[in-house]
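Residue-level listing of the chains:
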Amino acid sequence: MSRRRFIGGTGAGVLAAMLTACTGGGQLSQAGGGAGGSLQWWDQFRPLTKMLQNDLFAPYMKEHTGIKIERRQMDAPDLGQALQVARRSNQMPDVHSLAGLGGVSPAALVGSGWFQPIGKLADFQGSPVGQMLYDGIHRFNGEIYSFPPFSGRWHDAVPWFNTALIKEAGLDPEEEPGTWDKLRDIARRATKGTAGDVYGMVVPSKDPEYLAALVHRLAMTAGAPGPGAIDWKTGKYIFDSDEYVAAVEFLVALHTDKVVHPASPSMGPRDARARWAAGQAAIYLWGAWFIGGLLVDEPEAVKRGVGVWHIPCPEPTRNFVYNPPQPGTFWVSSQSKQAKTAAEVLLRMTGKEFQLKLAAAMDQPPALADVVAEADVHASYRRCVANFQDDVRIGPVPEVGTPGVWQVLAEMRDVHPNLGDIVQSVLTGSTSDIAGELRRFTEKMTAERERAIEVVRKKGVQVGVDAWVFGNWDPKADYGQQAYAER
Amino acid sequence: MTMTTQRRSRPTAAPPPRHRQGWARRLRQDWWIYLFLLPTLLGYGAYTVYPLLASWWFAFLDWPGFASAGTFIGIENFARLIGDDLFWNAFRNSLVFLVFAVPLRVGLALALAIVLNRRKTPFKGFFRTLFFLPVVTTGAIVGVVFTLLLDASGPVSLSMVASGLLDSPANFAANAGTSLYAGIAVWVWKWLGITLVYWLAALQTIPQGVHEAAVIDGAGSWAEFRHVTMPLLVPFLVIITLIDTVAAFNVFDLMQTLTGGGPSFSSEVIEIFIFRTAFQATVPQLGYASAAAVLFGLLTVVLAIVQALGIRWARRRIGPS
Chain A
1 MSRRRFIGGT
11 GAGVLAAMLT
21 ACTGGGQLSQ
31 AGGGAGGSLQ
41 WWDQFRPLTK
51 MLQNDLFAPY
61 MKEHTGIKIE
71 RRQMDAPDLG
81 QALQVARRSN
91 QMPDVHSLAG
101 LGGVSPAALV
111 GSGWFQPIGK
121 LADFQGSPVG
131 QMLYDGIHRF
141 NGEIYSFPPF
151 SGRWHDAVPW
161 FNTALIKEAG
171 LDPEEEPGTW
181 DKLRDIARRA
191 TKGTAGDVYG
201 MVVPSKDPEY
211 LAALVHRLAM
221 TAGAPGPGAI
231 DWKTGKYIFD
241 SDEYVAAVEF
251 LVALHTDKVV
261 HPASPSMGPR
271 DARARWAAGQ
281 AAIYLWGAWF
291 IGGLLVDEPE
301 AVKRGVGVWH
311 IPCPEPTRNF
321 VYNPPQPGTF
331 WVSSQSKQAK
341 TAAEVLLRMT
351 GKEFQLKLAA
361 AMDQPPALAD
371 VVAEADVHAS
381 YRRCVANFQD
391 DVRIGPVPEV
401 GTPGVWQVLA
411 EMRDVHPNLG
421 DIVQSVLTGS
431 TSDIAGELRR
441 FTEKMTAERE
451 RAIEVVRKKG
461 VQVGVDAWVF
471 GNWDPKADYG
481 QQAYAER
Chain B
1001 MTMTTQRRSR
1011 PTAAPPPRHR
1021 QGWARRLRQD
1031 WWIYLFLLPT
1041 LLGYGAYTVY
1051 PLLASWWFAF
1061 LDWPGFASAG
1071 TFIGIENFAR
1081 LIGDDLFWNA
1091 FRNSLVFLVF
1101 AVPLRVGLAL
1111 ALAIVLNRRK
1121 TPFKGFFRTL
1131 FFLPVVTTGA
1141 IVGVVFTLLL
1151 DASGPVSLSM
1161 VASGLLDSPA
1171 NFAANAGTSL
1181 YAGIAVWVWK
1191 WLGITLVYWL
1201 AALQTIPQGV
1211 HEAAVIDGAG
1221 SWAEFRHVTM
1231 PLLVPFLVII
1241 TLIDTVAAFN
1251 VFDLMQTLTG
1261 GGPSFSSEVI
1271 EIFIFRTAFQ
1281 ATVPQLGYAS
1291 AAAVLFGLLT
1301 VVLAIVQALG
1311 IRWARRRIGP
1321 S
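Chains as they are written, first to last, in this note's numbering: chain A, 1 to 487; chain B, 1001 to 1321.
The hints are simulated quantities; they were obtained by calculation from the structure and are not laboratory data.
Even for Gly, the Cβ is constructed at its ideal location relative to N, Cα and C.
A few of these clues could be false.
With a straight-line cut-off of 16 Å between C-alpha atoms, the simulated EDC-like cross-links for lysine to aspartate or glutamate are [unchecked claim]:
| no. | chain 1 | residue 1 | chain 2 | residue 2 |
| --- | --- | --- | --- | --- |
| 1 | A | K340 | A | E168 |
| 2 | A | K444 | B | D1167 |
| 3 | A | K352 | A | D376 |
| 4 | A | K303 | A | E315 |
| 5 | A | K444 | B | D1084 |
| 6 | A | K258 | B | D1167 |
| 7 | A | K120 | A | E344 |
| 8 | A | K192 | A | D231 |
| 9 | A | K50 | A | D78 |
Coverage of chain A stretches by chain B, computed from C-beta distances (three or more under 8 Å per stretch; other residues unrestricted) [unchecked claim]:
| no. | region |
| --- | --- |
| 10 | 95 to 105 |
| 11 | 108 to 120 |
| 12 | 158 to 169 |
| 13 | 199 to 208 |
| 14 | 414 to 420 |
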């Protein structure tokens, strides 16, 4: 063989290898692995890293030699982008969460062929979470596609506080601020009664999504129905209701009091937690995962003292915060060849043993919230979850009652400025017309939904505004499966 | 009287087409060279040509991000863009960024280059290195760091309060009135060094004799700069300005981490608009984002053409030397 022929042949071989790598041909060997092979798992739960690896994956792999579970943890935005790219290049992980995919409903993704059912691969209906499975959320066309490993009874406006700073300000940590005014008073006293540059609260205003979620929660404590800012009696949007205006005005009042960390407009939620952990703010409103994240990133702040209160309401009379039924968290890709393995691993998440481990990670509360009482968790986390039982009720979800709703939601385009954008504008001084901005947003959302309904109806889908009406909704009770049947 | 005779010449055959034979022969003999060039060609086609053509096609589709494919809708995306206030807001922000940032970067770098090019300037190497260091840092990291430096409890705000320039601390990157300009300032700071290098290289091309002649003729520093140095730098000014102009449309990483396009979309440049529409919308709008990218791409192409014409003009002015 001549030198030129040898070099040319080698080059051709390298080229073939490169092309195979670029086109994902290497997955063929993986698919042909039979009972063995690897299972790719992507999610955003950083505090769950050790627990998932040690308490879920490792035991399963030990019992099933030849199976290798590989997990990638990414921040939600990165995960969302990675999933969209992977989807189009046919390189989806076997199991993933939906973080970072915006507000796309699971129904839309199921309808677009993202997932495959798992109900016949493992007995989810007979599991401890079987009663938490809803049509339109976990089950589609009679098939179970996912399940809720976490509880739906949670919210992300929990008043976490620095115990040491509260005491330093001469306050009793056990005395809860049941009302907005009392919270303001505590924030003022924390700001003035502590040494150094300490502020009563931190409100990460750089993230419109955080602000929107916060205002939703506060508005519900003021009596607004939920979730989703819908008047369940009429199906109309209520972003311009008195409750929502009051919620935004409350945040403005905190700024007027000068009790909010002045750098808040430059912070995202994680930045705010870091500042809180550094002792720069006494109170931070965020979710149950707050303390789990602290233990991972700023454990010294937990040692110093972390406390928690119920979410305050405008008046002593308490209202509830509403959540939809907890959606499925992990889904099995339709491209996966490891669906059986995935289903078996996922089913283990529903047992009490794993739920205890899940609780111990102190992220979102586990589906079986009762186990928190006996789990190895920080006392404040246990108290937080107990508070959720008092404060949170499960509200209606239009997708459950009317299957065509997901197509309307998928057709709807974002309206900007949205609630978070408006609140950001108010808090950073760009506008002071709270009522006007909220009214215009409500009008635009209403028009956009009507447009989307019209488009979907032209495709032959039976859906209308009445899909958003739940006349039998009781604000004091969970809207359970029986309520849908009686609607 | 003499008689002349003409000799008859015999017809000759036409010469062979050597060019064609040469090319074919070269291909046959050196085929392995082209084989090794093939990966580069394929890579360029796969990662540059195909995405470019694909985005043009996607611009005519209604394609929610979770769907496998889109639906052809003609120019509907472009029509929607024309009526989208946020698109024009981003477009305007990008133009403002361009108008303020490029002259500042070019002018400031030129001033520094002139100072650093003088023989009498001490520690020239140190200062050149100092100004160039930000260039090698990652844009996203710069954004994160400056978020801290520019917030209300950061050193910039606190020092301005201490000196009396501000009555109260300010979040420069998180205020609707200042966020875009904060981004401009940081961007200029980060990339000043590379433009400085361009200018230093340009200054090196001016013959020393020209400066000496000017001094002999009695020209002062300003007169020398105005009548000697600057006219000779004009061709480079065109080139450097065009390079920086194109760069001003590639600020996504810095602006996304510094301001996220906010508050209130006050610092949302066109790249962030595209990114938000494609990946962060409730239902990602890939077709719509592609349409915005196409319009943005068209603008960049126009600038590139102007750059090419500018280079051609500069070469004619400089001449063969």
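Between the alpha carbons of K50 (chain A) and D78 (chain A), is the straight-line distance 16 Å or under? Cα-Cα ~21 Å, so violated.
Taking 8 Å as the C-beta cutoff, is the stated coverage of the region 95 to 105 of chain A by chain B satisfied by three or more residues? Answer holds; 4 residues pass the 8 Å Cβ test.
Given hint E168 (chain A) paired with K340 (chain A) - CA-CA distance at most 16 Å: violated (56 Å)
Agreement of K120 (chain A) and E344 (chain A) with the hint, judged by alpha carbon distance not exceeding 16 Å: holds (11 Å)
Is the Cα-Cα distance between K258 (chain A) and D1167 (chain B) 16 Å or less? With Cα atoms ~15 Å apart, K258 (chain A) and D1167 (chain B) stay inside 16 Å; holds.
Proposed proximity, D1167 (chain B) with K444 (chain A) (alpha carbon, max 16 Å): violated (39 Å)
Under a C-beta cut-off of less than 8 Å, do 3 or more residues of the region 414 to 420 of chain A approach chain B closely enough to confirm the stated coverage? Contact hint for the region 414 to 420 of chain A vs chain B: holds, 3 residues under 8 Å.
Check of the region 158 to 169 of chain A against chain B for coverage (Cβ-Cβ below 8 Å, three residues minimum): With 0 residues closer than 8 Å to chain B, the region 158 to 169 of chain A misses the three-residue bar; violated.
Tell me if the straight-line CA distance from K192 (chain A) to D231 (chain A) falls inside 16 Å. violated (41 Å)
Confirm or reject the coverage of the region 199 to 208 of chain A by chain B under the rule of 3 or more residues with a beta carbon closer than 8 Å to the chain's beta carbons. holds (count 4)
Given hint D1084 (chain B) paired with K444 (chain A) - CA-CA distance at most 16 Å: Holds. K444 (chain A) to D1084 (chain B) sits at ~13 Å (cutoff 16 Å).
Would the pair K352 (chain A) and D376 (chain A) pass a check requiring their Cα atoms to be no farther apart than 16 Å? Status holds; Cα separation ~14 Å.
Checked against the numbered hints listed earlier, the structure breaks hints 1, 2, 4, 8, 9 and 12; every other hint is satisfied.
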